[in-house]
Amino acid sequence: MDNQLTMIAQQEIASAEAVLTQETAQPMTTTDVIAEGPRFLSGAQALMESLIAEGTEVIFGYPGGAIMPTYDALFDYTDRLDHILVRHEQGAGHAAQGYARTSGKPGVCLVTSGPGGTNLVTPIADAIIDCTPLVCIIGQVKSTLLGTDAFQETDIIGVTTPVCKWNYQITHPDEVPEVMAKAFYIATSGKPGPVVIDFTRDAQVGMMDKPYQYKKIEGLASYKPRIVPKDEHVQKAAELINNAKKPYILFGHGVLISGAMEELKAFVEKTDIPCASTLLGLSAMPIDHPNYVGWLGMHGNYGPNVLTDQADVIIAIGMRFDDRVTGDATKYIRQARVVHIEIDPSEIDKIIKAEAPVVGDAKEALRKLLPLVKTNNHSTWRNEFKKFDVIEEQKVTRRELKEEGEIKMAEVVNMLSQKTNGEACIIADVGQHQMIAARYYQFKKPHSYIASGGLGTMGFAIPAAFGAKKGAPDREVVAFIGDGCFQMTIQELGTIAQSGLAVKLIILNNNYLGMVRQWQQLFFEKRYSFVELKNPDFVTIAKGFGITGHTCSERDNLSDSLDALLKSDKPYLLEVIVEKEENVFPMVPAGASVVDIRLD
Amino acid sequence: MTTYTICIFTENTFGLLNKITILFTRRRVNIESLTVSETERKGVSRYTITIKHDKREEVEKLVRQIRKVVEVLAVFGYLDDEVVYNEIALFKIATPIGTRPIDIETINKVYKAWVVYWGLDYVVIEKAGNEAEIMDFFRYIKPYGILEFVKSGRVAVGKTPQGLVEYLPQEVHGEYYA
Ligand SMILES: Cc1ncc(C[n+]2csc(CCOP(=O)(O)OP(=O)(O)O)c2C)c(N)n1
Ligand SMILES: [Mg+2]
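Residue numbers (our numbering), protein chains in the order written: chain A, 7 to 606; chain B, 131 to 308.
Keep in mind that the hints were calculated from the coordinates and are not lab data. Just so it is clear, the structure is predicted and the values come from calculations on it, not from any experiment. We put the beta carbon where it would ideally sit given N, CA and C, even for glycine. Just so you know, not all the hints are guaranteed correct.
Stated by the list, open to error - Distance ranges between label pairs, derived from CB positions:
hint, chain 1, residue 1, chain 2, residue 2, range
1, A, F157, B, M131, 44 to 50 Å
2, B, D184, A, E238, 31 to 37 Å
3, A, L378, B, E188, 32 to 38 Å
4, A, K401, B, T132, 47 to 53 Å
To be verified - Part of the chain B face toward chain A, derived, beta carbon under 8 Å:
hint, residue
5, E141
6, N142
7, I152
8, R157
9, R158
10, R194
11, Q195
12, R197
13, V200
14, E201
15, L203
16, R230
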């Protein structure tokens, strides 16, 4: 026991040492980006300059009292900074998330104090759990009024601390450039996440005492994530991989975040290891790649879940063994030796013990691993997945795609996938439709499945969709949204209409909070407690917002309906009336082991 | 339950105490004692937190999670026999005229405690030591009448030859924290 704890201390000493040597070996690198000569700016102007210095193109926001000086400054910067006026601050947050996930840049939000800030809390919580870089600038009352219950004063630092990566209250204009540089660095580096800047009114209005000067930050003494993994970590991992009989790769969002798609492909092609994706890792590998076996988790594919139990070496890449992936974690991959490639050291051993942890960026780790792993042939092992695919096809897929009775969600997604050749960027909200979108869209391009994974935030899709379109204007962006979810952020139709962003919205309307209804059916004796919805006429509502759309309730019209949606060069809403009581399978019941996955 | 001493080195910034304590709250770990002070390095604070836990693994996870707070420079976890530690207690004892006088010699020699303030009707005695020693003295002095008793959290240094700040980054970035 005693020496065990010494180990904790030593581990920590080792990591502190690592920081120390890094710091002394390579002093802080900073790039001077001095805009013109010495200039004296207000805090709000300094904020605009800082955003531009960081390459910000667009702000998603909503004005109000405590942020008005900043909105006033923005008025002079509209030639360089685009701003999208949302209808509710939650929309700004999810839009910024969608933007970040297609563009790879941090999403920037600008809102007022009090309710403006609290309305942004849900997206902040969503972004921290799904590792999405956001810079959220929230107005605050004058610093002299802090703590007095002034109008629209909320302790937003206190409120956001548990759900953001970093927060800071700016009370003097001089702080702006340095704090913003820090904010962008922290939001985008290591495991990305949301940062919150609480910007007091006097700091916005006041003039800086020193000339504005911007220095980008590329490291902090207290925070400098390891990007390139240690040699000994990589060697140990390679050894495990090279000696494996049935190695199996589980990859996640980290692959997309670090842009390691090509590296992953090269790695699986050389080693011939089968690989499966988490929900948020979807589209990092094209679905038709021979080594890609499907996706993991509660509603993931049959073989990929069940065969975790047979692998002798699991190679986890940029994923964190979420409970929706592991089911009962005490029974998960007990037989396997685990390589865990992960940028966040606190994820190592958090849920699943790793024999070979590789702390670092997925792209760098795979690059370093590639020359060390042997060319191999695992076709026999890979073929085992195919057997399960056949069963899943017979028991689930065939039934869901069978053209009889009411239209099923699966048919809609499947047909859209064919019509878009698997190349669209799919946004999904939360519920059955989210799982069906993940199951049936045949992703060919990366960054093509954008959904709220860790938090499961209903209402994510409408704002995330136009944010994603803003981040990838040349891509076809199609959102699958439940009838329940649609009404959580329905007001953002106004934002879409005003911005003209040509997103395509598909409501898969089953007149139910379907996912909850499914659980009630399966685990609560079909006691349907408050899950049926009396829905509005969605198409009329869209029309009211100035968005064209129509309803499809007949299978015969489905193809034409999707064509109309895709042909439109404007935003479009298609409501599809689908089978009311369809269930999503496969399904790992909550708390069960993944091998007990149900097919019906 | 085992007692662990967690030493956290941080930049001395606003609101950091909250950022650290909520990690304990979230994992439902009760903080037994907490002491914060500036270290020998200017601008660097040292938190000494003691907790009781029956799973070392969970303590390790907590330690790693604390390290994730951006302003945290380093975290060290210890068992009791790996640190030299002490607490300090103040006892305010009634000494009205006519009652049994306190025995200064025993207090000094046996209990290594000192009178640090003489009031008209009371004295304040300072006793430093570990929990058991302080409670020993508590039992001894109780019959005299304790008006007030207060005890600090633990302070601790590791039983390693080097100082812990040696392991901190040389430069603490961000002078604007002043
Ligand atoms: C904000 C929020 N509230 C509640 C839930 C719980 N929940 C998860 S899925 C779901 C039903 C979603 O209904 P709908 O949008 O119609 O999608 P469907 O499952 O029918 O496809 C609910 C209520 C949630 N995830 N998020
Ligand atoms: Mg529904």
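field: List of violated hint numbers, smallest to largest
entry: Per hint list: 6, 8, 9, 16 violated.
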